[in-house]
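Peer 1: Please model the entire structure based on the sequences and the hints provided.
From first to last, the protein sequence lines are chains C and B. Every letter in the first sequence is one number past the one before it in my numbering, and letter 274, counting from 1, is 274. Every letter in the second sequence is one number past the one before it in my numbering, and letter 52, counting from 1, is 52.
These aren't lab readings, by the way, just hints derived from the structure by calculation. One should not assume that every hint holds.
Stated by the list, open to error - Listed next, the stretches of chain C that the computed footprint assigns to chain B, with coverage defined by at least 3 CB atoms under 8 Å from CB atoms of chain B:
| hint | region |
| --- | --- |
| 1 | 17-28 |
| 2 | 59-71 |
| 3 | 105-113 |
Everything numeric in this text was worked out from a predicted model, so none of it was measured. Note that the Cβ used here is the ideal one computed from N, Cα and C, for glycine as well.
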Amino acid sequence: MTTKIERALIQKAFQERMDEDELMNCMRCGFCLPSCPTYIESGQQEAQSPRGRIALMKAVVDGLIEPDEEVERALNLCLGCRACESVCPSGVRYGHLLEEARDIIAQHKKMPLPVRLIRKLVFAGLFPHQERMRKATAFLGWYQRSGLRTLARKTGLLRLLPASFRQMERVLPDVPTAKEMKNRPHRLNPDGTVKKRVAFFAGCLMDTMFMETNDATLRLLQLAGCEVIIPPSQGCCGALHGHGGEKEMAKELAKRNISAFEQLDVDCIVTNAGGCGAFLLEYDHLLKDDSEWRDRAEAFAAKIKDISEVLVELGFHQLPLRVAPQTITYQDSCHLRNVMKTAAAPRRLLRAIDGVEFREMNDADRCCGSAGIYNLVEPEMSMQILDHKMEMAKQTKATTIVTANPGCLLQMKLGIERAGLSGSVRAVHIVDLLLEAAEGAQATQGEERIRQTS
Amino acid sequence: MDVERVRPLIPNEAKKRLIQVVGAENYDDTKTGRLVYSYDATPQFQSLPDAVIAPRNTKEVAEIAKICNEYRIPIVPRGSGTNLCAGTCPVEGGIVLLFNHMNRILEIDEENLTATVQPGVVTLDLTKAVEEKGLFYPPDPGSMKISTIGGNISENSGGLRGLKYGVTRDYVLGLEVVLANGDVIRTGGKLAKDVAGYDLTRLFVGSEGTLGIVTEATLKLIPMPETKQTMLALYQDLEAAARSVSKIIANKIIPVTLEFLDQPTLEVVEDFARIGLPTDVKAVLLIEQDGPKEVVERDMKKMADICRAEQAVSVQLARSEEEAEALRTARRAALSALARLKPTTILEDATVPRSEIAKMVKAINEIAEKYQLKICTFGHAGDGNLHPTCPTDARNREEMERVERAFEEIFAKAIELGGTITGEHGVGVMKAPYLEWKLGPAGIAAMKAVKQALDPNNIMNPGKVFAKSTRKRVVVTR
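Peer 2: Below, the structure is given as structure tokens:
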């Protein structure tokens with residue numbers, strides 16, 4: 001609940017801060033409606049569409065309505081997947097409008113104490129500090145390995161958690177130990193000659209909970225002929241902060257990352273998580289009003305590239321790649337597709353693997369409902385979207401679902417559990433599959449050589 | 001912009017009864033709920049309804065009509081709100097009626113070649129469903145991905161294929177309509193021939209929700225054409241392109257599509273769609289023919305010859321379906337791509353007999369120059385339906401006045417050439433002041449008589465079609 005005073009302050013901030021040109025640019029043609037997952041899943045509720053949400057933001061600016069609970073509800077229920085931007089003929093940057101609106105509300109609304117504490121703990125206390133991320137992950141590892149997990153699951157202790165958290169607990173990967181997470185590499189040489197000099201953005205969660213995927217990414221870059229630099233002073237990209245109404249914190253994180261990378265003499269900065277990549281790519285927008293940082297942010301953003309694009313550029317898909325025969329489908333990471341505009345490269349790589357029958361699923365470009373922490377805060381809508389997604393995945397009869405972002409990956413794993421497909425279908429990050437394929441091809445080549453010589 | 005009106009809200013008693021009919025979950029009078037149904041795709045029109053109601057079936061619609069008629073509450077039926085005449089903007093408040101619960105394809109009858117649908121079906125969904133059965137529903141308005149059949153019927157929507165296949169009107173065989181007094185009538189049916197009484201089907205199609213509420217429609221389908229080819233002709237001279245259009249028709253060829261884009265439009269579309277459209281030419285014709293292979297090939301060759309004879313600088317045939325689709329997508333995106341130039345986009349649909357296209361295009365250019373405006377013109381040149389479009393900024397009052405004067409002149413010119421003020425967008429609120437220019441006082445009186453007979457209390461989408469005052473026609477007299 002917001003008080004009248006809070007609503008007045010929010011309204012004033014809307015009038016001062018919302019980009020009027022961007023709001024005016026929406027001509028209300030409605031082309032975005034069929035692309036919006038929440039519009040579809042809500043049974044065509046205009047308030048749950050991009051056009052409706054923009055109209056609400058504009059109405060708050062125009063003073064036609066107050067930023068009341070319902071306005072807030074409409075904005076909260078948005079996944080932020082930005083599929084609407086890809087189909088918007090007028091090029092409205094909806095994501096920027098949403099981010100600004102959410103930030104205004106979060107900054108002016110007095111949230112209940114527990115919420116404030118948790119937000120502070122997560123946004124300020126945990127994510128910006130990589131050593132704490134490692135400790136937290138190590139704690140999770142201890143929970144997984146010590147037998148506590150088995151105990152918690154058996155005794156029903158987990159039932160104390162909300163259903164959405166309980167489900168998430170089940171699909172978390174087995175995480176590395178504290179020791180493994182330390183001693184991360186800072187520089188790697190390619191196999192063979194240097195074709196490209198790149199920097200790697202390691203990320204916070206990716207370099208802890210999903211460390212194996214980061215290692216696979218680095219290995220692929222080496223195989224593709226990259227000299228890789230991983231500056232140790234980098235940290236969390238700030239996407240979670242930016243999307244969650246903590247823009248100022250996001251800006252600080254952005255500056256840290258720009259400083260960490262800007263001195264490096266590299267062709268590009270490689271990312272392997274669509275969510276992070278997209279946020280890094282828009283640092284220039286985030287810091288547009290900061291004269292000291294604007295140009296530096298632009299230079300940084302211009303170098304951001306997803307791993308799949310880099311691999312295709314280096315002809316990785318022409319190398320021998322092989323997996324055991326299987327049907328594969330690909331779930332787009334929304335921000336990779338809609339913001340980074342990377343959709344063809346991952347498909348091209350997957351199609352290049354021997355043994356893979358690639359089948360496109362219907363609505364592969366529609367959000368899976370993960371959307372950062374959306375699946376935790378809006379479980380009902382998220383699960384509705386996920387169940388639709390699993391129907392589409394099932395139709396392809398794929399036994400491997402590939403994604404390109406950690407959030408999507410966990411959501412796919414959750415979807416597989418919910419659909420009762422645990423034994424027969426797996427979800428993997430694209431780089432893990434690519435490494436599996438590269439190593440698979442090497443192994444078969446080895447076997448063939450042995451056969452030839454014997 | 002008249003957003004909040006001073007008028008009594010829906011009386012409590014009426015609200016209670018309406019909720020009894022549809023259930024509380026389908027009655028929304030929150031400020032947010034009302035705000036998001038206060039507009040459609042027409043610039044500069046916004047007005048809050050008093051409530052938004054989503055009925056589940058015809059019976060509920062009839063009950064709603066009865067209650068609204070009793071309490072004189074305006075009813076505005078709304079599909080997806082993509083119309084361009086402010087036809088679904090609730091200018092006099094009342095209730096906005098949604099059809100998101102009534103969105104099923106009830107039947108595709110392969111023996112009678114008909115589809116029976118509820119009004120909330122999205123046009124593209126119907127198109128896809130019938131195509132799966134080798135059938136064809138030709139009307140393809142620019143917003144077909146999101147527009148509904150109910151909306152298409154109420155606005156009598158056109159589209160790119162209008163020249164050869166006609167418009168929505170030509171595919172509506174029968175309707176179920178709820179009248180203002182709550183009576184439910186059925187018109188027409190699965191019949192190719194039916195002269196039993198007045199042709200009410202045609203009366204309701206395009207009546208913009210002012211005569212009744214369409215709750216079901218039986219649509220005509222035709223067999224899917226066997227093949228289709230697409231070509232692009234480029235011109236260094238705008239009028240040469242327009243002359244080509246007239247010549248193609250005069251040579252007794254009716255292509256399925258004959259679309260026209262001028263240079264400013266091409267530039268914007270290319271910027272948006274990046275499909276390799278040439279932007280250094282003055283005009284482009286997108287020409288398509290469908291049908292049996294031999295006929296298509298013969299027609300395409302003849303049309304290519306005509307274009308060349310009219311000094312087309314290049315005539316290219318799309319080499320693949322992908323290429324053809326990309327070209328069509330570009331044309332479809334034209335309207336909205338123009339929105340990238342300026343915050344406000346005024347899009348009109350002045351229409352002339354196709355023999356007059358060259359004159360009309362020339363006049364539009366002169367008018368744009370006279371008022372110092374950028375007017376991009378594209379549209380369905382084959383049926384004389386042009387879309388002169390002006391990218392502008394609603395915040396610039398002085399320019400908006402010039403825009404208005406320019407379009408008044410464009411309408412006047414269209415009528416002078418034997419055309420009309422609107423080819424496919426409808427009258428709504430936007431064109432209401434100009435309707436008399438086209439119809440004359442007697443024509444307006446006849447239409448008003450029909451309206452008065454069917455909706456004596458004026459609850460059906462009031463404020464549309466008929467203007468409170470008519471524009472003085474100062475430019476031309478006829």
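Peer 1: None of the hints should be skipped; say for each whether it holds.
Peer 2: Checked hints:
no. : hint    : verdict
1   : 17-28   : holds (count 5)
2   : 59-71   : holds (count 7)
3   : 105-113 : violated (count 0)
The earlier numbered hint that this structure contradicts is number 3, and it is the only one.
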